[in-house]
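Make one complex out of these two single chains by using the hints.
Protein sequences appear in the order of chains A and V. Here the working numbering is used: the first residue of the first sequence is -11, the next is one more, and so on. Here the working numbering is used: the first residue of the second sequence is 24, the next is one more, and so on.
Hints may be right or wrong, so weigh each one.
What the hints assert, rightly or not - No more than 35 Å apart at the CA atoms, straight line, and that leaves these computed lysine-lysine pairs for DSBU-like: (1) Lys26/A <-> Lys40/A; (2) Lys26/A <-> Lys82/V; (3) Lys26/A <-> Lys92/V; (4) Lys32/A <-> Lys5/A.
Said to hold, decoys possible - Simulated coverage check for chain A against chain V, where a stretch passes if three residues somewhere in it have a Cβ under 8 Å from a Cβ of chain V: (5) 3 to 17; (6) 50 to 64; (7) 88 to 97.
It should be emphasised that the hints constitute simulated quantities derived from the structure, not laboratory data. Being a predicted model, the structure only gives us computed values, none of them experimental. Backbone N, C-alpha and C fix where the C-beta goes; we use that ideal spot for every residue, glycine too.
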Amino acid sequence: DAMVIQNPRYQVTQFGKPVTLSCSQTLNHNVMYWYQQKSSQAPKLLFHYYDKDFNNEADTPDNFQSRRPNTSFCFLDIRSPGLGDAAMYLCATSRQNRVGEQYFGPGTRLTVT
Amino acid sequence: EDQVTQSPEALRLQEGESSSLNCSYTVSGLRGLFWYRQDPGKGPEFLFTLYSAGEEKEKERLKATLTKKESFLHITAPKPEDSATYLCAVLKGSNYKLTFGKGTLLTVNP
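So here's chain V without its partners, still in its complex pose (with noise of 0.2 Å):
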């Protein structure tokens, strides 16, 4: 069965302290991997895909990678507003359905 952890479930920072947030995966025949941001009460906002292990893709402060079994969303020196649930969701095959994480609720403290 297809399987996406996301750790940890809560992660605080001090604003300027970097960290990292891990999404691991246990899916055949991954078509992509993509990144997502949840702000409370609003709907998820698309943040990055990756296709392949080795890939990575930046902004701003955020930067994702991805390897055969598991990707990374580094934070660089964070700030208050970069405060949300960060949700990570695959694709396989050649169907529509993502199948999303629980999600690591990232608070950034002032």
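Just chain A, same shape as in the assembly (with noise of 0.2 Å):
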């Protein structure tokens, strides 16, 4: 089945101690998200790429950075986590000509100790 992947699922990291989530996808969308979403609260946009055109929100902190290697594969990279990033990260998929129909991945939730 196509789906959205997410590497690890759960992720336990120091404070300050740079960490890296992954995505992989086999649905061959062109468009990839990053979300942040924290408890009962609504998902957050951190940025996205059209392709490997990247995308950033005006508020995404400067510590959030992204990669995309290539069309299957993106990475979430958090530079000097602190307690406040403690949260689920959600990676998305869509069609450029559907933005509105994401799949998402199960998610990688992140502690910070």
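So this is what it looks like as structure tokens:
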């Protein structure tokens, strides 16, 4: 089945220790998204890629970076995690002409100690 | 500023007890309104797209409707497996950003 895969599902890191989350997709969608979702809150878009074109949301902290080496893979790098960065990180994909119909991965739950 | 507000925050129903969830929005240049279902510890799952006032979409026990200011997700004769958080989201203009509401946590008791 075509899908969006995120690894790891759970990640524990120390305050200030860089961490990388990964996302892969078999849907061949050209748009990929990273969202942050805290408990009982709405998913918040951090950035998205349209093909290799990177688009950062204005309020995404500089601490968050992303890479998309090819169509299938996308990475979220948190350079110096703070306690406030503990959250669920969701990767999603869509076709460029169906942006509202996004396919989400299962998420990575990040804990910062 | 664009806003998406969902109500109620939480809803408990008995199996078979029909009800509706509300999503009100203030967005200029609405391009579409979308409903998603999210199970605990999982990513959202796409349910419906609504593009214009008066439009309706149905899937099993769920029916989504849209007016110029709000959308409703009607749940007919719900079952325990319908328990989840239901999120609505809006898309505006030509950008790629979905703005989500906080969701309604639906619990259906057997």
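Hints and how they fare:
Taken as a hint, the Lys26/A and Lys40/A pair is honoured in the structure, with Cα atoms around 28 Å apart against an allowance of 35 Å. Annotation: proposed proximity of Lys26/A to Lys82/V holds, straight-line Cα distance about 29 Å (limit 35 Å). Taken as a hint, the Lys26/A and Lys92/V pair is honoured in the structure, with Cα atoms around 27 Å apart against an allowance of 35 Å. For the suggested pair Lys32/A and Lys5/A, the alpha carbons sit about 23 Å apart, so the restraint of at most 35 Å is met.
Counting residues of the stretch 3 to 17 of chain A whose beta-carbon sits less than 8 Å from any beta-carbon of chain V gives 0, not enough to reach three: the coverage restraint is violated. Given as covered by chain V, the stretch 50 to 64 of chain A fails the check, having 0 residues with a CB less than 8 Å from a CB of that chain where 3 are the minimum. Only when three residues or more bring their CB closer than 8 Å to a CB of chain V does the claim for the stretch 88 to 97 of chain A stand; here the count is 9, and the claim holds.
In the structure shown, a violation is registered for the earlier hints numbered 5 and 6, in ascending order.
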